[in-house]
Every structure is written in C-alpha cells, then in structure tokens.
Amino acid sequence: MLGFQPYETFQLLIETGGIDRTNTLLIAACDAYTRRGKPTPPEMEQFEALAGRLFPTAAPQARAKGAAILGRAEMLSPMLERLVVENIGEDLNSFLQSATALSDQTMLDVIAREDIPAAAILATRSDLSNVVLAKLFQLNSRKVYRALAANPAIQPRGAYLSALARSAQMDHIVAESLAKRSDFDAALLAPAFFDLSDSDRIKVIQAFAHRGTPIAPISKTIEQLTVASADLTKALMKLFSENRRPEVTRLLSQITGLDEVRCGQIAHDVTGASLFVILRAFGCSAYDGLKVLIHATSHDSERSQALADFATLFGNVTPESMAYLMSAWRGEVNLLELNKPEYKPFSETSRRTPAATHNPVVDQAIEALARIGLRRAG
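Numbering (the working numbering), first residue to last: 1147 to 1524.
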C-alpha cells in the first residue's frame, strides 16, 4: 500500500520495538490510511491485516486515538468499522453520526449492545436498511423512537407506522415530530391532541376532512341526549360570555362522558380547537358554532383569520368524524382502522390554493354577536 512499508516490516517493528513503538506505528498507520483516500481492494486487505495486528497490542489510549483517526477515513470495510467501534471509546457517537457509510453488521452489533445513546444516533441516519430498522423499533427507548419519528428517511408504513402512532400516545415529543411530517396521517395523533401545539391541533382536525370514519362509540351517547344543538350553543355562548368556564367544564363532562380534567382543558382552551371538535360532533353549524367560538377564544390580531379557518372546517369535517375524534380521546377506538382504503381522505386541499381572505359565515356570526351586544346595552 502506497505510504506504507511492506507489512512484514511493520510486523518486525511490532515484535521487536515494544509497546511504545506499537502505539506510534498504530497511529501512523491509521493516519496514512485515512490520508490515502479511497484504497484499492489489495490496499484495504493489507491494511486490515496490519490493523488487526496493531490494535490488540497497543495501549488503550493509543487504540482510542488510532480508532478516532481511522473513523475519518473515506472508506472502511466491516472489519475496520468493527475495530473503530470497539476501540474509539467516548467518540463512538460522533463516529456513528458522521460516518459516510456503515455496514448493516456494524449497526446491528451496536444495537445488540443495547447502548441507547448510540442506537439513537443510528436512528437519525438516512442509510438504514429494513433489517436495521426492525431492530431499532424493537428497542424500548424514548430516545430511539424520538429519533426515528424525526428521521425523514424513514417512511411510516405498515408496522413502523403502528409503532410510531403508539409511541406518540405516550410521548409528546414523538407526537410533535410526527405532526410536522407531511407523510404522516395526522389523524393518528388524535390521542395526543392535547399535547400538541395550537397549529398542530388544527392539523389533526384537518386530517379528518373529506374522509369517512368507523362508527364512533360516543355516537350513541350523542343520540341519546335530549338537548338540541341550538340549545347547547345558546347555553355555551352564555357561559363563555360571562366567563363561567368551571360551569362549562361541568356541562361538557355531562354531555360528552369525558372526565372533568379533560373537559377543563377544553373549557380553558382559548384557541378553540378542542371546543370546535365538541361543537361539530354535536352537529353545530358554522353559524351557531362560530358564535360560541367568538366568546370562547382569544385570537387578538389573528382573530378573524382563525374564525375563517374554523368556518372552513365546519364545512369540511362531518359530525361523525368529530365524534370519532372524541372517541379517540376516550380511548375507545383503534385509530389504525383509518388506514383502511374506505377511510382514506377522498380529496386533498391543494397546498397552492391561497387561504380565503373573506368568509360571509364569519361576517354573519360577528354581526349577530354585535346585535346581541346592542340589545344588552339598550
């Protein structure tokens, strides 16, 4: 190999020079190999034999330094990768992150150690095979699942989709990462709804637009209620206008069957996203629903646009789909059923279509609210 003396010369120096010389030779050999660039097959074979002789006989500090240098090489065989992994010490994670390529065997060996920080680094790589992915998904680790959820190179399908969706129910960071992905069905994040940001909650609701859903268990509860949707919206509008949110909490608990803690979150959600789900599930129209949301929400300068977005959602999502979303909050449904063809969205809103700047339904709701205020003042 160019830059090296014949292997026999190195072997003689190792045998006659003692450990100090071995340490020097190891570092020099690793440096020469790294500087060489892309080696030929004979050169790599020769260096493998040399490195295999030098690493076991060198001191620990020299092995770690040699491995760190070797880890920067342009090309490593599985055998050389193994030497790096076994000897690099504290720099292992940096090597696993920066290596241009890693063999499946090296990655599988690292995973087999159950070294969670190292496995989490591997989970961020773009060159993961199905064999390696399967082993990573078998690790019961939040760090690993967070890395997998944020890795755009991993397509969430089949068993991987199921595993990520289940993880999102238990880890809000996984849920947040999945919500940012365009290739993940945000409807599967329904159980994590209250852990998500305001905008991501809207994404979950939008994921139910223009799609059918299985029959929701809570639908029976909704059907058995004697209160009409108009009476419900009047009651909610009055309570919200007088800022009686504890009473809103109790009312929601009575009509939804959700626990009071969850209903308290809905009653105090000034974005209106969770309240929208309740209103639409009970069949409220955009006109009546927006009058409630006007009292319940606080959007400041973005108020009109937020109300316009809700007006659009009233038209795009069905009461049945929002009842299904509520049942998901109660843990009554298997969300993976939404992957069946009959429950896939049947139309997509174009990303290039600009958002409507004027919505007559919003104007009507605001005008109605103004008239109510004038009558009270008179």
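Simulated from the structure, these hints should not be mistaken for lab results. Watch out, some of these pointers could steer you wrong.
Think about it this way: if two alpha-carbon atoms lie no more than 30 Å apart in a straight line, the pair counts; the simulated BS3-like pairs of lysine-lysine are [stated by the list, open to error]:
id, residue 1, residue 2
1, K1366, K1380
2, K1366, K1349
3, K1326, K1486
4, K1349, K1490
5, K1349, K1326
6, K1289, K1380
7, K1384, K1349
8, K1486, K1366
9, K1366, K1384
10, K1326, K1380
11, K1326, K1490
12, K1326, K1384
13, K1349, K1184
14, K1281, K1486
15, K1366, K1490
16, K1349, K1380
Evaluated hints:
1. About 23 Å separates the Cα atoms of K1366 and K1380, which keeps this hinted pair within 30 Å; it holds.
2. Straight-line distance between C-alpha atoms of K1366 and K1349 comes to about 27 Å, which keeps the hinted pair within the 30 Å bound.
3. A distance of roughly 23 Å separates the Cα atoms of K1326 and K1486; the hinted pair therefore holds under the 30 Å criterion.
4. Note on K1349 and K1490: the hinted pairing holds, with a Cα-Cα distance of about 16 Å set against a maximum of 30 Å.
5. This hinted pair checks out: K1349 and K1326 have alpha carbons roughly 9 Å apart, not beyond 30 Å.
6. At roughly 47 Å between alpha-carbon atoms, K1289 and K1380 are farther apart than 30 Å, so this suggested pair is violated.
7. For the given pair, K1384 sits about 29 Å from K1349 by alpha-carbon distance, which is consistent with the 30 Å threshold.
8. Our distance criterion of 30 Å between C-alpha atoms is met by K1486 and K1366, whose separation comes to about 23 Å.
9. A hinted pair counts as satisfied when its Cα atoms are at most 30 Å apart, and K1366 with K1384 qualifies at roughly 27 Å.
10. For a cut-off of 30 Å, the pair hint linking K1326 to K1380 is broken: about 36 Å separates their Cα positions.
11. Proposed proximity of K1326 and K1490 is supported: the alpha carbons are some 20 Å apart, at most 30 Å.
12. Distance check on the hinted pair: K1326 and K1384 sit about 37 Å apart at the alpha-carbon level, beyond 30 Å; violated.
13. For the proposed pair K1349 and K1184, the alpha carbon gap of about 48 Å is over 30 Å, so the pair is violated.
14. Note on K1281 and K1486: the hinted pairing holds, with a Cα-Cα distance of about 27 Å set against a maximum of 30 Å.
15. For the given pair, K1366 sits about 24 Å from K1490 by alpha-carbon distance, which is consistent with the 30 Å threshold.
16. As the CA atoms of K1349 and K1380 are separated by approximately 28 Å, the hinted pair is consistent with the 30 Å bound.
The structure fails to meet hints 6, 10, 12 and 13 from the earlier list, while all remaining hints are met.
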